[in-house]
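Chemist: So the protein lines, in turn, are chains G and W. The letter at position 141 of the first sequence is residue 141 when you use the numbering used here, and the numbering goes up by one with no holes. The letter at position 15 of the second sequence is residue 15 when you use the numbering used here, and the numbering goes up by one with no holes.
One thing to keep in mind: the hints can contain errors.
Said to hold, decoys possible - Distance condition first, Cα-Cα at most 30 Å in a straight line; then the derived DSS-like pairs of lysine-lysine: (1) 367(G) to 30(W); (2) 342(G) to 277(G); (3) 208(G) to 196(G); (4) 68(G) to 38(G); (5) 196(G) to 277(G); (6) 35(G) to 48(W).
Stated by the list, open to error - Covered by chain G, according to a simulated footprint, are these stretches of chain W (three or more residues, beta-carbon under 8 Å): (7) 14 to 21; (8) 24 to 31.
By construction, these hints were calculated from the structure, which means they are not laboratory data. On a predicted model such as this, the values are computed, not experimentally measured, just so you know. Yeah, the Cβ is synthetic: ideal placement off N, Cα and C, and Gly gets one too.
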Amino acid sequence: MLQVLLVDDDTEFTEVGSQIIEFLGYDVAIATSLKEAKQWLQSQSFDHVLLDFMLPDGSGLHLIDYLKQNNFTPYVTLITGHPSVKGMLAGLCGPKVDYIVKPLQREDIEATLSRKKSKTTKNKRKQPTLHFGCLVGESPPMLELYSMIERVAKTSANVMLMGESGVGKEVVANAIHNITHNDKPMIATNCGALSKELISSELFGHEKGSFTGAIARKEGVFVRAGNGTLFLDEITEMPLDMQPNLLRVLENKKVIPVGGTQEITVNCRVVSATNRKMTELAQGDIIREDIYYRLAVFPIHIPSLNERKEDIPLLADVFLQQLNQENNTEFTWNEEQLTVLKNNDWPGNVRELRHAIHRAFIMSDPKSQEIQLPNTFISPFSSTDNNSSAIAPGQTIEDLEKELIRVTLDKVDGNKTQAAEMLGISTKTLYNRLHAYDDFTV
Amino acid sequence: MDIKTNDINTLIHNTRGPLNRISMQAELIKMVLESDMPKEKVLAAADKIIAACQDCSNSLQDISNSVQE
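The shape of chain G in the complex, shown without the other chains (with noise of 0.2 Å):
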């Protein structure tokens, strides 16, 4: 068991400091003057002394130079009640001296005396900002959106966040919340997870006994949300036949609940999203037109993850560090396990990253400080399947060229004569081609 020295004039806190030491697993003596502190250290060895600045006889550092005097080498660390004495220390003390600053906790002493660096310690490593309290990235198409953000931000126009799933419609919703509304509530609602019975008492509200069930009045989103931010996803897995109801609040900010006679002003800014394709709204039977003009005043497109690659990393920090946070471990990601994140296919998203990191964390040893990565991102709905012949711009003809020599040889089990054929070109200038690819294995 490791040896402790407390020394420490506040003969209350020694008596609390010690108890607190032996419950975390060491011995501990006590000395309340640099003459005990002497004495003990005569006496017996210690791993650790935890050491008070201002002694009665005299300063702390005065115990540190009779140490080394004397050849002792435990771990001391300095009690102080001054966080500026960080810079005099630095040019004192040695790599077996540290401080921590009153007043303690217990975690500052269990990481002094397991000698890791406590939270504080951790915190000010950087961390990725969080733009608007919650959006994470410095990449160019993030930097566009944070700059969408502000303008609209400034006026009350309703805005229609597009993207695909996973994208994080909803964070940037409370981004916009939160610089106009952030005393105000924010309701959110999902118009896909509402029957068609429903939706017009989720929306508007309904009185009391105004359809079987209804056992009490309710107030609808729109009325609670105030006067702050009324966040409606899926807004296109509406039925369309409820979206005239959706037109004339928005028209006239005045709902009149379900069973209800009286109209009541609305004055929220409401916030839609969607994760169809500009083209889908346009073509099929989704949203009126009518509506997507009033919700789309300010229509916002948030990047696909993998439009900003270059934010995995700013992502992975932050969602390692959230869930160290949360389970009191103290992960790590290294270099090479950033560059297999920010190279893998994420069609869901910043919500699949997160999803992963989560299954790692999981999965890791906590007894280790590092993460441990699976082999594979297994998700059905990745798009490096072989039978997808996905053109990307920027692709180079070469790329596209090795591609379809390789899914051509696959499909016909390797026969270079068959793939040829296939190809239109001779078996030579496949060969040809394949021996130029001289990385290229079948």
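Guided by the hints, dock chain W onto chain G, whose structure is given.
Modeler: Same frame as chain G, but now just chain W:
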């Protein structure tokens, strides 16, 4: 640093003592509640916290008097 500033720094230092005791006694209470240590320790620690709060208050009054002098 003038004498008055020096005095105030000393008074502030004196305030950190009881604050430190409050923090540590609170940590002890948490430990007692998390473990099977005798629960009487909670009462004793709570009494010491109350006393340290009074010490803190006195120290703050000293700082206030010093500023007004």
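Chemist: Taking the hints in turn, state whether each one holds.
Modeler: How the hints compare with the structure:
1. 367(G) to 30(W): With Cα atoms ~25 Å apart, residue 367(G) and residue 30(W) stay inside 30 Å; holds.
2. 342(G) to 277(G): holds, 25 Å
3. 208(G) to 196(G): holds, 19 Å
4. 68(G) to 38(G): holds, 12 Å
5. 196(G) to 277(G): holds, 24 Å
6. 35(G) to 48(W): Distance of about 28 Å is within 30 Å: holds.
7. 14 to 21: With 5 residues in contact (Cβ-Cβ under 8 Å with chain G), the coverage given for the segment 14 to 21 of chain W holds.
8. 24 to 31: holds (count 6)
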